[in-house]
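In the working numbering, the protein residues as written are 2 to 465.
If you are wondering where the hints come from, they were derived from the structure by calculation, not from laboratory data. Check each hint, because a few of them may be wrong.
[As the list claims (entries may be wrong)] Computed list of lysine-lysine pairs in BS3-like fashion (alpha-carbon distance at most 27 angstroms, straight line): (1) Lys194 with Lys319; (2) Lys350 with Lys20; (3) Lys410 with Lys316; (4) Lys174 with Lys277; (5) Lys409 with Lys350; (6) Lys113 with Lys319; (7) Lys364 with Lys27; (8) Lys364 with Lys72; (9) Lys307 with Lys277.
[Stated by the list, open to error] Cβ pair distances, simulated, as ranges: (10) Pro293 with Ser232: 49 to 57 angstroms; (11) Glu151 with Glu184: 17 to 25 angstroms; (12) Asp360 with Tyr266: 38 to 46 angstroms; (13) Glu55 with Ser232: 15 to 23 angstroms; (14) Arg147 with Glu55: 48 to 56 angstroms; (15) Arg177 with Tyr266: 15 to 23 angstroms.
Here the structure is a predicted model, which means the values were calculated and not measured. In this text, a Cβ means the ideal position worked out from N, Cα and C, and glycines have one as well.
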Amino acid sequence: MSRIPLIIILGATGSGKSKLAIEIAKKYGGEIVNADAMQLYKELNIITNKVSSEEQNQAPHHLLDISDPLKHVNVVDYRNMAIPILDDLLERRVLPLVVGGTNYYIESILWKVLVEDRNLKRPLTIDDIEVGAEKKWKSAEEFAERTGPELHSQLEKVDPDRAKTLHPNDRRKIIRSLQVFAEHGRTHSSMLKEQKETSGGNELGGPLRYPHSCILWLQCDQEVLDHRLVSRVDTMLEQGLVQELINFHQLYNKDRLSTGTPHDYTTGIFQSIGFKEFHDFLMLNEEERESPEGKRLFQRGLEEMKLATRRYARKQLKWIRNRFLRRPNRPVPNVYGLDGTDPSQWDEKVLNRALSIVDSYMKGETPSSVEPLSLENSLNNANNSEFCTVCRRVFIGRLQLEAHLNSKKHQKMERRVALSAPEQGKLPGESGSTKEVKEEIKKESVEQKPQENVSTNTIKAQTT
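Could you put the whole structure together from the sequences, leaning on the hints where they help?
Here you go:
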């Protein structure tokens, strides 16, 4: 029996996601839903790497180039715009392809959550976003002057269970949990627990919103991807990247900075890679930009942009693994890896395999020619606070703690402490010596085996 699936196309920036989406959409008459936060905004077509007008004409695109650059669209706003579009496409039996690299946007589509749910049958408009943003801004002002540890102490009083899972410096998540308590009169931890106990739910969220879905993960050799990203920045320069930044700075950023408002490259379109990196260069006047100092600042901005782009790609890949391949207790769509390393083999290794997978899902069948990726082992206690008594630092989860214990900084501090003072007793809840903790982590990892016989809505473990 034929069924229309939801297709999610993931991959690091520069891996070819848009190209694959357009090719699949043309084959099946599908429509593309953007899940890149920066491409929601108007302007900055080069720096945000939007598909060209010609490419957009090859397949209908949604949620692309729709919001004023000075308006802040958050993940809830995005979800409330995207879900009605996806539901409408599925109801009309049109193949929806969600494409983009903003990870939490994709999560908001895939899984149902209890927090901030609303009537998703009515599409959210830009006017709705502006009203909501004003309310959230007033709420956020209450926390603006407080440090992360101060906010964490406040959260410990109202929601100690949630506080245990958050690092004191994770201001965004701490504020979010405080806002949930203020808005709903319930602790964030209790709502997350309710989600977990819902059929198909878990500690990260509720059940799958669209059970008949799959993920196409465009993969690429890291060295090749790094080279590709550097070349892409150079291509952006040839297309007019610098002038685009200067024009946008003149229109939107200069007045904001002239009023004394500090530059903030952590929200809205100003998060785009390039603004922060070229800030010092953009603050110069036209004559200063042509001076030796201006050219030095330009070159520094260029190198920092290339570095930031490569770092962002690695961050995206880490998220894909952590969210989809290391969550055996979470309902996850099957993930299919497609090797896009060699452009000359695109049709064979990417396009044809992708079309075969989509074709099977369209028929309501499980692909027989391509196997989904297998699960990867992960350590328990991923969301628990861990404390290093040597360095007096908090870490969230054993993976973070293990990485810290293996660092040169920790080992240097451990030698210094050992030379300066005798061993002291451990406080309740604190980690023991580096050797003790490493042995515990090793034992925990060995005891944990790959999970098999996963339901059809989760990643199937391969036999290797």
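Status of each hint after checking the structure:
1. Note on Lys194 and Lys319: the hinted pairing holds, with a Cα-Cα distance of about 26 angstroms set against a maximum of 27 angstroms.
2. For the hint linking Lys350 to Lys20, the alpha-carbon distance of about 14 angstroms falls within 27 angstroms, and the restraint holds.
3. Between Lys410 and Lys316 the alpha-carbon distance is near 23 angstroms, which keeps this suggested pair within the 27 angstroms criterion.
4. Pair hint Lys174 plus Lys277 holds up; C-alpha atoms about 23 angstroms apart against a cutoff of 27 angstroms.
5. Among the hinted pairs, Lys409 with Lys350 is inconsistent with the structure: their alpha-carbon atoms are about 41 angstroms apart, more than 27 angstroms.
6. A C-alpha spacing of about 23 angstroms is found between Lys113 and Lys319, which places the hinted pair at or below 27 angstroms, so the restraint holds.
7. For the proposed pair Lys364 and Lys27, the alpha carbon gap of about 18 angstroms is at most 27 angstroms, so the pair holds.
8. As the CA atoms of Lys364 and Lys72 are separated by approximately 42 angstroms, the hinted pair breaks the 27 angstroms bound.
9. Among the hinted pairs, Lys307 with Lys277 is consistent with the structure: their alpha-carbon atoms are about 12 angstroms apart, no more than 27 angstroms.
10. Restraint check, Pro293 to Ser232: a C-beta distance of roughly 27 angstroms breaks the suggested window 49 to 57 angstroms.
11. Between Glu151 and Glu184, the C-beta spacing of about 20 angstroms keeps the proposed range 17 to 25 angstroms intact.
12. Separation of Asp360 from Tyr266 is about 43 angstroms and conforms to the stated range, judged on CB atoms against 38 to 46 angstroms.
13. For Glu55 and Ser232, the hinted distance range of 15 to 23 angstroms is satisfied, since their beta carbons lie about 21 angstroms from each other.
14. Our hint of 48 to 56 angstroms for Arg147 and Glu55 holds, since their Cβ atoms are close to 49 angstroms apart.
15. One distance hint, 15 to 23 angstroms for the beta-carbon pair Arg177 and Tyr266, holds here, with the actual separation near 20 angstroms.
In the structure shown, a violation is registered for the earlier hints numbered 5, 8, 10, in ascending order.
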